[in-house]
Amino acid sequence: MAHDQMNGSQILIKALENQGVDVIFGYPGGAVLPLYDALFQQNKIRHILVRHEAGAVHAAEGYARSNGRVGVVLVTSGPGATNAVTGLTDALMDSIPVVCFAGQVPTHLIGNDAFQEADTTGITRPCTKHNYLVKDVGELARTIHEAFHVARSGRPGPVVIDLPKDVALATGPYVPASKVKHKSYNPRVKGDLALIKEAVELMATAKRPIFYCGGGVINSGPAASQLLTELVRLTGYPCTLTAMGLGAFPASDGQFLGMLGMHGTYEANLAMHGCDVMINIGARFDDRITGRLADFSPGSKKIHVDIDPSSINKNVAIDIGIVGDVAHVLEDMIKVWKSTQAKPDGKALKGWWKEIDGWRGRDCLLYAHSDKVIKPQYAIQRLHEATKGRDDVYITTEVGQHQMWAAQYYGFEKPNRWMTSGGLGTMGYGLPAAMGVQVAHPDALVIDIAGEASLLMNIQEMSTIAQYRLPVKVFILNNEYMGMVRQWQELMHGSRYSESRMEAMPDFVKLAEAFGAVGLRATKPSEVDGVIADMIAADGAVIADIRVDQAENCFPMIPSGAAHNEMLLGPEDHTEQPSSEEGMVLV
Amino acid sequence: MTFQPETERQHTISVLVDNEAGVLARVIGLFSGRGYNIESLTVAEVDPRESLSRITIVTSGTPMIIEQIKAQLERLVPVHNVNDLTLSGPHVERELALVKVRGTGDGRVESLRIADIFRARVLDSSTESFVFEIVGDTGKLDAFINLMEPLGLVDVARTGVAAIARGPGEI
Ligand SMILES: Cc1cc2nc3c(=O)[nH]c(=O)nc-3n(C[C@H](O)[C@H](O)[C@H](O)COP(=O)(O)OP(=O)(O)OC[C@H]3O[C@@H](n4cnc5c(N)ncnc54)[C@H](O)[C@@H]3O)c2cc1C
Ligand SMILES: Cc1ncc(C[n+]2csc(CCOP(=O)(O)OP(=O)(O)O)c2C)c(N)n1
Ligand SMILES: [Mg+2]
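Listed in order, the protein sequences are those of chains V and E.
The first sequence: position 156 = 196 (the numbering used here), numbered continuously.
The second sequence: position 100 = 224 (the numbering used here), numbered continuously.
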């Protein structure tokens, strides 16, 4: 046997090593037994045994988002692969690099409705960036290297490799990553310089400019956030971030207007509505941002920097579209800005800031504080206060009101510190994601800001957390409702709370204890600080059950189908009128 | 500024892809998943050495939709090249149809006469039927089939459009 000949499972391990993989999140089964056998016989790659395959993918997403590497997943055929589908879709929507290996029945049985057979490539085709079925062990190494290349380059995303059991057992050659050439997939990273110059010129002549930046800045790596901060400060222009972009620009900076969009700040949304030049860096004009498209920032010229040409001109017509990687384009923009000695119109800018400060004066995130019941916003503010100034705090969330309150009230200063399911909005994301973050950053303070309903969707991962002694903290804003659903029912369906009440919930303190974690509870505002302190001080995992106001709604809110300047700022804005028919059909 | 609803237009798009399992499913899935029209789609291997196939798609949409379709096609991993023949200059389009007409007497004679005008060939004949082969652009085939309808049209099989740019340039 030539020395580069080995079996498929060994090829897989070797390729993973070659790709710098140090951890896999997975769950075994018949079709992947050869792979697990190979894992057993090595000690370079760590395997984290999750409790459900959805947890494995979300953990890989948290891992990837918090350290910029590719998250790796290993699942068995059939139900293992189908359980991974939600996580894969989540990673696709949020552009998270993940490589997922799925076992498959042996090649000669494919198509026979064999035991635990599923058409994995067929099922995952629309929910992955790309997928492969490897039928020839000779193709395995090359395919794995290409999968990592596809997952991490361009607009990142999930890639599935479907691996029949006989291929994992067959003998074939190993090909190192350096020998693999990618035939067709080589996305453009450098922006067109002529367009960048044009964009800078437009920026410099703006009278009411705004930077609207998103997840693409995070995807581009920490340097992109630094460059963005440099450019924003250089220009003196206001900056707003999407829910996926939080941390790309420091929240404490005076030029930051907060998050924009459906639950964004009054000032961010009005500035977007009234601007004359919009500079979109790595955001995708999601409907949660644009509201009613016909009324979206009607008077502005729009610059859009995105690595994926299909994001440009998708929903909103763009005046200058620059295809490229954020960091590369920002570097050039800064150079051009400096070399042309661009001087913004100081007087116009002053007037613009004055207008913005007027909007800021509305203090849209103000809420009625109470001494009797814990306001969820207050709980987040106290959590932020208690963890401020630390560089090693990572926040994940589930999906719902608590997620939006976390986005609004927890100030992120740096990229990769905030992991949330934005595009798909997957309840049950936060706990496994926190697990993945903690694996990537063993000594960090990792907190899942959770809703009690979402948390139950992947609560089984508490067992994984226990097994690996991961000191993950779960901070539940427990309102005993699917709060976000309840809010929409209140605003749009005549307060008929159909099936949104969370009854028969577990005692989360006892639940924590059952999983070997510490359980804490706060029921009064005066207890919040103490519980937070105890949670942070605890060595191991904690579930903190914060009993919050059940009736609180998340404001500001732009109802579906409305325009930016039709925002509801608080309960007093609440009209009994159902929203427009056009709006009602929207999600 | 948002896009005004502009008029829809038909585009013929030529896509060079790796000839591998699933590539057609990716393209078709993209169209159905995102709600784009497919008016015609043809595919066959064109470069056995490099194992490349050409997919020719006839679709229609507003300029914004057509731009999306091309951008979405381009980001599929096995896609090498996407060319909008409708925009990139003069090109030729051809389609082939096999048309079966059943009849006797005058109708039968008439179908043969029309076939002659359209330069359709007779591939098969029996005492009460013909199978014609006709090549041309889509409009010509449509016209021929319409004329055959009252004369006893039984079955039609069409290949869909194949297209290529005029002149010496490569796609
Ligand atoms: C309950 C709920 C409420 C929500 N409310 C809001 C809200 O009020 N406000 C809000 O902002 N969001 C909200 N979201 C999230 C929202 O659904 C979207 O996920 C989010 O707005 C998208 O963020 P983004 O535009 O930054 O795009 P992302 O999904 O992060 O996409 C990134 C973009 O950058 C591009 N890109 C990737 N890598 C690079 C690179 N290296 N260089 C250049 N470009 C790159 C990609 O092609 C893509 O176009 C909410 C979600 C939920 C679940
Ligand atoms: C898997 C899944 N199912 C359903 C939904 C719809 N949904 C969005 S928010 C929400 C309620 C979340 O409740 P909870 O976790 O308690 O958070 P809260 O809004 O109360 O803070 C639901 C059901 C979803 N986003 N994901
Ligand atoms: Mg809740």
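Calculated from the structure, these hints are not laboratory results.
Heads up, some of the hints might be wrong.
DSBU-like cross-link-like pairs, simulated, lysine-lysine; straight-line CA separation at most 30 Å [what the hints assert, rightly or not]:
hint : chain 1 : residue 1 : chain 2 : residue 2
1    : V       : Lys354    : E       : Lys194
2    : V       : Lys219    : V       : Lys237
3    : V       : Lys354    : V       : Lys237
4    : V       : Lys223    : E       : Lys194
5    : E       : Lys194    : V       : Lys230
6    : E       : Lys194    : V       : Lys237
7    : E       : Lys264    : V       : Lys221
8    : E       : Lys264    : V       : Lys341
9    : E       : Lys264    : E       : Lys194
**Hints violated by the structure (numbers, ascending)** = Hint check: 2, 7 and 8 fail, others pass.
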